[in-house]
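Here are the chains, one letter per residue:
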Amino acid sequence: MTDDAHTSRRAFLRGAGGVALGSAALAAGAARADDPLITDLDAQPWTQFLGDPVDAMPYGMPSEHEAHVVRRTVSWLTADATSSINFTPLHELEGIITPNGLCFERHHGGAAHIAPGDWRLMVNGLVGRQSVFTLADIMRFPRVTRTHFLECAANSGMEWRGAQLNGCQYTHGMIHNVMYTGVPLRLVLEEAGLKGAAAWVLAEGADAAGMTRSIPLDKCLDDCLIATHMNGERLRPEQGYPARLVVPGWEGNMWVKWLRRIEVGDHPWHHREETSKYTDLLADGTARRFTWEMDVKSVITSPSPQAPITHGRGPTVISGVAWSGRGRVAEVHVTTDGGVNWTKARIEGPSLDKSMHRFNHEFDWDGAPLLLQSRAIDTAGYVQPTKDALRAVRGVNSIYHNNAIQTWAVDSDGRAENVEIS
Amino acid sequence: MSRFPEMRRLALGAAALLAAAPALAGGLGLGREATHAEVAAWDIDIRPDGLGLPEGSGSVSDGEQVFSEQCAMCHGDFGEGVDRWPVLAGGQGTLTHDRPVKTIGSYWPYLSTVYDYIRRAMPFGYAQSLSNDDVYAITAYLLYMNDVVTDDEFVLSNENFAEVRMPNEANFFDDPRPDTPIFVKAEPCMTDCKAEAVITKRAVILDVTPDGEDDSGITVD
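Here the protein sequences line up with chains A and B, keeping their order.
Here the first sequence stands for residues 1 to 422, where the numbers follow our numbering.
Here the second sequence stands for residues 423 to 643, where the numbers follow our numbering.
Be a bit skeptical, because a hint or two may be false.
Away from chain A, derived, C-beta distances all over 12 Å, residues of chain B [claimed, not checked]:
1. D471
2. E486
3. V488
4. D499
5. G503
6. S528
7. V536
8. Q550
9. D555
10. V570
11. T572
12. V577
13. S579
14. T613
15. C615
16. E618
Partner residues are not named here, just some residues of chain A that face chain B (Cβ under 8 Å, in silico) [to be verified]:
17. Q44
18. P45
19. T47
20. L390
Honestly, the hints are just simulated from the structure, not real lab data.
All residues carry an ideal CB built from backbone N, CA and C; glycine is no exception.
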């Protein structure tokens, strides 16, 4: 994954330049040759000859022409690929649902593979009956379906000191938005019976990282799910098959995958992922802990460094995604001049609680350089801050919870670059 | 923990609105009771107050032995970290620096986290293979490497565990957000918000995007 992406992007740009020239010539009224893709049957074998039979691919895959639409990692980020991260190709996606195979991965001890018959869920601690459930048991609880974003708290974490990575896949791709089906955690806790002193829950994974997080009981009783399905099918192994926790609006690390145990207690556990990691170091050396909610955030996915404008001047679509862990997205504003003037973008498609929203803004590009930004406001009234406003409070070493406004500088050729502006 | 009563109210409010969610009168009779041995096998977590600590003990010198055999190839003989593997010792006094070094000694608030994490997840790739005494010994060695204990004869056990306090404990505090300006009533500026915008930083300067030539940038872990 080094030169391939580069060359193909260049080739793509060249090709697209040709198309742009072609349409300019057409606009000038010059005579144009007939398009063989229309007039020449030999150029259209799909029209003359039979295609694949059904079942050519019992589990359907994307077109071979979409092979570049994949999760990508950044090799220097971590020591080993079994404790690492890859990124959702946001710049290639539309609407609000992330396809299952493109949902970013973050494992701390590799992706576990567990047969559904071998899976057990234990509920212990301050409960009336310390319990064991099989997957078949879980499937007999009343279930619900909800669409939520999962954002890693470290999403955009490499961008605190300055613009570093060229592409929204890398700057914002530790997020996915999925329609989950699962059992409210509340029902499973009630089945075991909560004792009076219960105030916290420890969720634990069955993977080699033994992932654990402390979650306040109120959140568990409110909207957490034990999910078995994503976007209509079973969870993917790398997303915690056969069951994961869904903790709507809260940082992704808490959504314990390969869930094996729920312990109820009266105090938090202060485990490694809520002390050494997932705490936010401030400039004065103190650190915030239990920073669970993901604040309102948005990013323009096109144009962006991996998705340049290739059609030249004229009608242009700005598209992006916005989300908030504190509710729905109320408004998204877009600027093309680096924040001198803003316009309200259209929210396109479903506006759901703690879910990704799609926004679009159409404009007539005159070919002049642009400084593109988006700014989201959530239904709780929070406004996405500028990077400078965030850094003034948080310094540059807190890694997590960077929800700042992103800037793309688009040059007159339509190429976009990750920048910061005054 | 001032935010929890607030959350409790929120949750109660949400419960009142749960009409659309499935409601259960009593238990469904699903699942079965866990045996004592099953709970003991999986419930291996430790809390700062010592809840969950198994009986046992281990010395700094025993810890040094196990650490050099099973941990040092990644974390270095003294916990200094080999290549990009995590650094486990040192870094005291760097939390306010430009490049802070966050280790057990410089950052971690509780010793219980060290025991819990090593027992559940290390050595990387062979989790839960260490004896309880070995985990005590390694934990004692890491305390010594981090100058939290200075006696090389030190023996850590479930008896004296709670007496050890980590130097950075007081520097953690609960989430104070909102900490950036919010506009609940005021409208954010839409026109003529500033005179101009000038580019101050560019990603091409660093050029660490994966299809760039030289892959090395500012890491997050």
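Checked against the structure, which of the hints given earlier come out wrong? Violated hints: 1, 5, 6, 7, 8, 14, 15, 16, 17, 18 and 19; rest satisfied.
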